[in-house]
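Top line first, the protein sequences correspond to chains B and C. Quick note: the first sequence uses the numbering used here, first residue 1, plus one each step. Quick note: the second sequence uses the numbering used here, first residue 299, plus one each step.
Wrong hints could be hidden among the right ones.
Said to hold, decoys possible - Some chain B residues flagged as far from chain C (calculated, every beta-carbon gap over 12 Å):
no. : residue
1   : Trp106
2   : Ala112
3   : Asp230
4   : Gln267
To be verified - According to the in silico footprint, chain C covers these stretches of chain B (three or more CB under 8 Å from chain C):
no. : segment
5   : 32 to 45
6   : 89 to 97
7   : 113 to 123
8   : 192 to 205
9   : 281 to 289
The set of hints was computed from the structure by calculation and includes no laboratory data. In this text, all values refer to a predicted model and were calculated from it rather than measured experimentally. A virtual CB, placed ideally from N, CA and C, is assigned to each residue, including glycine.
Protein chains: 2
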Amino acid sequence: MDWEARLQEYLAPRHAQVNAALERYLSESPPRPRVLPDAMRYAALAPGKRLRPILCIATAEALGGAAEQVMPTACALELIHAFSLVHDDLPAMDNDHLRRGLPTVWVQYGEAMAILAGDALFARAFELLAEQARLSPPERVVQVIDLIATASGVHGMCGGQVEDILCEGQAVSADDLRFIHAHKTGALIRASVLSGALLMGADTPTRDALDAYSRALGLAFQIADDILDDTAPTEQMGKPAGSDRARKKATYPALFGIEQARAYAQQAMEDAITALQPFDNRADPLRWLAIFAVERGR
Amino acid sequence: MDWEARLQEYLAPRHAQVNAALERYLSESPPRPRVLPDAMRYAALAPGKRLRPILCIATAEALGGAAEQVMPTACALELIHAFSLVHDDLPAMDNDHLRRGLPTVWVQYGEAMAILAGDALFARAFELLAEQARLSPPERVVQVIDLIATASGVHGMCGGQVEDILCEGQAVSADDLRFIHAHKTGALIRASVLSGALLMGADTPTRDALDAYSRALGLAFQIADDILDDTAPTEQMGKPAGSDRARKKATYPALFGIEQARAYAQQAMEDAITALQPFDNRADPLRWLAIFAVERGR
């Protein structure tokens, strides 16, 4: 079997586990408030790769753990990702109407409800992170909360989105582009891997290797996303093709050309796999995910 | 000295301590991202009562603690309050232009930056809550994070704001009004008191008494706010007087008339003070705050 078949075999049961857990974590619905719980479910349960939960789980498994041991944290990462998409899509931000092939939350529920659904998903994520303390020592849980909060905020995701907006339509340097990618998407991918490591009590050299892996992986995914946006047809993307270019967003193909962008993605994939050298074959899913990140973009 | 002079004497140094800590917690500013750290400071450092941090501190002190022992949590509560104001003021929500006598964050920095400043303040709050683990046992910190995340989300502040929006311009029942107040503002006031109690390791009867106090206090503050909005001139409010009425918001004076609203506020104050009967004079600031909540509204 090639890496792709083995990855799919690895992903299928975990994807189902994560979806079932997300469904469970978002199921409680007293009569009030109205609408908001539906908007939260609409945002978080839409079909998706569940990349961040899978990374947290695959890292825990690479270190001898099991998916169920880190599930609250894995799902919290997905809720934070969903929250960021809901807010990014708003008219005042990227003004996107389609996401994963469906109307965005603000189109479906209105702007006020979309802002509050994002906020409430973010809050729910921290409830789940606290719930992780039923499964893990509280001092590790507190470290994970610090890691994920930092990755989400001014020096992580929010900061990256701000620079992305400020750079729109501007002449963008390679430094700008690296900052945007490392923060807007890279920070939470890194936190997904490292939270799995922290919960398993990984030592510093192990965490450092996974840190290097996660940075290279985040870069590989982002460059491949940039290439996909530039080259794939709309039906494959679930959003209008070429929308980044139309909006003059900072992207790797725009700055370096498509061939050089592909070379950078390939290099990032190799860096990610090199970083995993100290690990045994339980880390294979992390390796396949690095290949998948880049092959998708071809 | 009467209660008012003693309360002012109590508040002045703690108010200064909280402001200094907020300043410190929001001071770090690498070159990027641009603008966002300023927008966060603008939102969180604007003059204000700092009611939520003071409640956390006063509760800790009533149980033998000191302000510095709970400062990260106290400031996290203020950041969450600031985040909620920034988002509530947005054009898609309450469309407010003035807050505490100054242009609201979206007027000053634009809508996209206001959404992200709110998000980043919320994230920073959870970083501070994690930082509390340097001062308190991590299992207590995790309980506080669960409490505060729940109070902020779909079954707390966000849920209350949703019902407030859905009820605007509608015929509102006493049940609707109670739900809105208990969630939109009550939940975080309750969490402010209970987080101080949890960090001090309070036992269940103590926490139950403080729970009753905080619910009654939140109600007293909210009814008095409703009355103030209805009766005080603009310069005293820092926002246009009668704006709730103009917008047909659900309020106590609108539903019950001003006299009955005053009677309910008085009753809530008495309930708050009664709940503190088991406590000695270290709980006096909590008692004065209950009186202050209502006297302000006269």
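We went through each hint and held it up to the structure:
Distance check for B:Trp106 against chain C: the nearest CB is about 8 Å away, which does not clear 12 Å, and the non-interface claim fails. For B:Ala112, the shortest C-beta to C-beta distance to chain C comes to about 5 Å, within the 12 Å cut-off, and the non-interface label is violated. No beta-carbon of chain C is positioned within 12 Å of the beta-carbon of B:Asp230; the least distance is around 24 Å. Once the 12 Å rule is applied to beta carbons, B:Gln267 is consistent with being away from chain C; the minimum gap is 24 Å.
With 7 residues having a beta carbon nearer than 8 Å to a beta carbon of chain C, the segment 32 to 45 of chain B meets the requirement of three or more and the stated coverage holds. Counting residues of the segment 89 to 97 of chain B whose beta carbon lies closer than 8 Å to any beta carbon of chain C gives 3, which reaches the threshold of three, so the coverage claim holds. Here the segment 113 to 123 of chain B counts 8 residues with a CB under 8 Å from a CB of chain C, which clears the bar of 3, and the coverage holds. Counting residues of the segment 192 to 205 of chain B whose CB falls under 8 Å from any CB of chain C gives 0; the rule of at least 3 is not met.
As drawn, the segment 281 to 289 of chain B meets chain C at 0 residues by the rule of a beta-carbon pair under 8 Å; below three, the given contact is violated.
Of the numbered hints listed earlier, those contradicted by the structure are 1, 2, 8 and 9.
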